[in-house]
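K.L.:
One line per chain: the protein sequences are A and B, in this order.
Count the first sequence with our numbering and you get residues 125 to 517, in order.
Count the second sequence with our numbering and you get residues 213 to 583, in order.
Think of the hints as simulated: they come from the structure by calculation, not from any bench.
Owing to the predicted nature of the structure, the values given are computational and were not obtained by experimental measurement.
Ideal Cβ positions, reconstructed from N, Cα and C, are used throughout, including at glycine.
A portion of the hints provided could be inaccurate.
Computed Cβ-Cβ distance ranges for the label pairs, DEER-style [unchecked claim]:
#, chain 1, residue 1, chain 2, residue 2, range
1, B, MET559, A, GLY192, 44 to 52 Å
2, A, ASN278, B, PHE475, 37 to 45 Å
3, A, VAL506, B, LYS230, 36 to 44 Å
4, A, ASP165, B, ALA477, 46 to 54 Å
5, B, ALA505, A, PRO463, 27 to 35 Å
6, A, GLY517, B, MET565, 30 to 38 Å
7, A, VAL506, B, ALA247, 44 to 52 Å
8, B, ALA505, A, PRO239, 44 to 52 Å
9, B, ASP226, A, GLU132, 28 to 36 Å
Output of the computed footprint for chain B on chain A, the stretches with three or more beta carbons under 8 Å from beta carbons of chain B [as the list claims (entries may be wrong)]:
#, stretch
10, 332 to 344
11, 397 to 411
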Amino acid sequence: MDLAFTPEEQGFREEIRAWVHASLPAEISHKVHNALRLTRDDQQGWAKILGKKGWLGYGWPKQFGGPGWNAVQKHLFEEECALAGAPRIIPFGPVMVAPVIMAFGNAEQQQRFLPGIGSGEVWWSQGYSEPGAGSDLASVKCRAERVGNKYIVNGQKTWTTLGQYGEWIFCLVRTSNEGKPQTGISFLLIDMKSPGVTVRPIKLLDGEAEVNEVWFDNVEVPAENLIGEENKGWTYAKHLLSHERTNIADVNRSKRELERLKRVAKTEGVWDDMRFRDEIARLEVDVVALEMLVLRVLSAEKSGKNSLDIAGLLKIKGSEIQQRYSELMMLAAGPFSLPFIEEAMEAGWQGDFPGGAVANAPLASTYFNLRKTTIYGGSNEVQRNIVSQFVLG
Amino acid sequence: MDFNFTDEQEQLRDAVRKWVDKGYDFTRRSSIVKAGGFSREAYGQLAELGLTGLYISEDDGGLGMGPVEGMVVMEELGRGMVLEPLAQTLIAGGVLSNYAPQALKSAWLPNMASGESLVVLAWQERKARYDFEKCEAKAVPAQGGWSLSAIKSIVPAGDEADAFIVPAMADGTLALFLVERAAAGVGTRGYVTQDGGRAAEVMLDNAPALLITRDGLAALAHAIDIGIAATCAEAVGVMDKTLAVTVEYMNTRKQFGVAIATFQALRHRVADMKMQLELARSMSYYASLKLNAPAEERRRALARAKYQMGVSMRFVGQQAVQLHGGIGVTDEYIVSHYFKKLTQLEMTFGDTMHHLGEVSARMQDTAGVFA
């Protein structure tokens, strides 16, 4: 048992750190460190820089052009990126659909889709949730009917994150109504420029349009875009959900944000208020405990052991922590988090922010935005069902 | 970064678990509680397993092992709610090995390793609660050593131990001393504690004492951190069993015609208990792996660990009783004993609020395990 990373792992970390510091544009990290609005170009610009280095698909094996890193190396990469203030890698392409294409796609699909995902050139979206299929994902209704060498897709997807930028979308579609709901689902890749696809942004409580509705009206999709076999999509989707378990805990970002919370608390004069400081101290322990949990899962994965009974806890705790730091940051600013001045969330805004500190401008919006974390990716209540299944049978 | 146990550590775990399962079942434990909360015979069996010499060097007759082995052993003893205070022996072994002059080491360590002598830490005072820097005990030079006057509270197995490690003020600074229970001027008043174990008030009236170290603050802080790490591991063992017993009960107990394990409100509570258990286990690893770190780093880490432990123990203990329903509040059934053990461990070496204050006071600008 050893808490320290090995000298090799430390060396790896140094290499990543040096590269990220040299490669991450300062104006992007400034925005991330201050929770300012990121443009599509910011997000994709960083993705392309990573892509050029071969690290956008940082979880990919070597045979598909990835670096072939183990679980610990992937974690160190994520950590160095997060601490340096890099934007989150938009996961839908490199982290979510790519492993499915690698595991279940044919050689032609792999050659056709993986290069664009790995380079960051093609923006992918996820078409899973529907108005009637949230936690109960297997009840998707969006229909794909096989006609000759095409599928005709009709229906609606929703909560499609950054779908307004999407060029391709991977969808769970219903190809059969027979048997259990899970058995009639297929995994289909759809070009979002196809006629009949409509994307409508949904304005959220923070004023931003982070998610979208995507409508399909007699959309023609070549049958060669089907991944694997028809009606086996649920299996592929589950493979996707089991991938990258520690990623969803996002502990590295929470470490960075806890440091920011301490700075905000000092600026706003609540650091020396014991009642407030104790709340930060509780969060500090939560973050350490979550990080230890993540390291335990990584250690188990590195040595080929099953860690499923604790991996399910990561999403619950990780999301609760994200909500808590954003809540405390807002409370640290108190009334000065209340002015809703959208321009103040743009980098370089020169206006006069009420109460003084322009750093307070995005605090409430971030708090509102992060309510999503206990809802998405399988709500925390669904996660508790899964954990209790492991414990109680 | 590696959280696997070595084969030797797994063998140690198996040996202790076997003894706990066969040699220290609930019936034997109950009879020890009835007889006053401490059994010299059971303590001797811990010694036969070599556990009393865990932190004592091989030269002095011990096993010369480290914090991870200490954690493995304490976790297993926790599973059996073993009353004999091995954590005290780990503390005494660690303190004497690191801080005592050679003569004192030679006089005590081999006998402690063999189980012949039990040495415990007598540090708590009425007015100081958990703040070990507040100390009213006084030591003055006397012929052949020192003369010590103090009243120390809630000393584990205080009327059974052979000697005490006692912090006292000497020439204006805190120093650590060794006092034999059989010496003149030593009085004890024993009693049972809420977990069924044994403790005592220790009254020292000009009792003869030997100096362990003048650097009492550093040594006592270290002693308490050894105690915290041991308590964390013990707590994980108790919680592990508590959850297992609760799960078994929920799958057996029927209401409304079905096992109560089928009810979602209860299942989610179990998920939350599992969360608290695994956060606690993670922080117990953290505590033990930081036990040999430089003092400031060690103290910050151990405070974090004990805070998490307190939160987890209270939740797991209270919910285990709740999920058992009426049987959970009886003396006959084991779960109330786990609950009381967890409650007592929360208040051992600093409770949750105390350690929250420690974490709060020691916070830095950085965050995380490696900060």
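K.L.:
Regarding ALA505 of chain B and PRO239 of chain A, is the given constraint of 44 to 52 Å on their beta-carbon distance met?
P.N.:
holds (47 Å)
K.L.:
Just tell me: holds or violated, for the beta carbon distance of ASP226 of chain B and GLU132 of chain A against 28 to 36 Å?
P.N.:
holds (32 Å)
K.L.:
When you take the CB atoms of ASN278 of chain A and PHE475 of chain B, is the distance between them in 37 to 45 Å?
P.N.:
Hint holds: Cβ distance 40 Å, inside 37 to 45 Å.
K.L.:
Between the beta carbons of ALA505 of chain B and PRO463 of chain A, is the distance compatible with 27 to 35 Å?
P.N.:
This hint is violated: roughly 45 Å between Cβ atoms.
K.L.:
Does the hinted range 44 to 52 Å hold for MET559 of chain B and GLY192 of chain A at CB?
P.N.:
holds (51 Å)
K.L.:
Are there three or more residues in the stretch 397 to 411 of chain A whose C-beta lies closer than 8 Å to some C-beta of chain B?
P.N.:
holds (count 9)
K.L.:
Range first: 46 to 54 Å. Now tell me if the beta carbons of ASP165 of chain A and ALA477 of chain B are that far apart.
P.N.:
holds (48 Å)
K.L.:
Between VAL506 of chain A and ALA247 of chain B, does the C-beta distance stay in 44 to 52 Å?
P.N.:
holds (51 Å)
K.L.:
Does the Cβ-Cβ separation between GLY517 of chain A and MET565 of chain B fall within 30 to 38 Å?
P.N.:
holds (37 Å)
K.L.:
Are there at least three residues in the stretch 332 to 344 of chain A whose beta carbon sits under 8 Å from a beta carbon of chain B?
P.N.:
The restraint on the stretch 332 to 344 of chain A is violated, since only 0 of its residues have a Cβ under 8 Å from chain B and three are required.
K.L.:
Given the hint of 36 to 44 Å, check if VAL506 of chain A and LYS230 of chain B actually sit that far apart at their C-beta atoms.
P.N.:
Since the Cβ atoms of VAL506 of chain A and LYS230 of chain B sit about 40 Å apart, the hinted range of 36 to 44 Å holds.
Checked against the numbered hints given earlier, the structure breaks hints 5 and 10 and satisfies all the rest.
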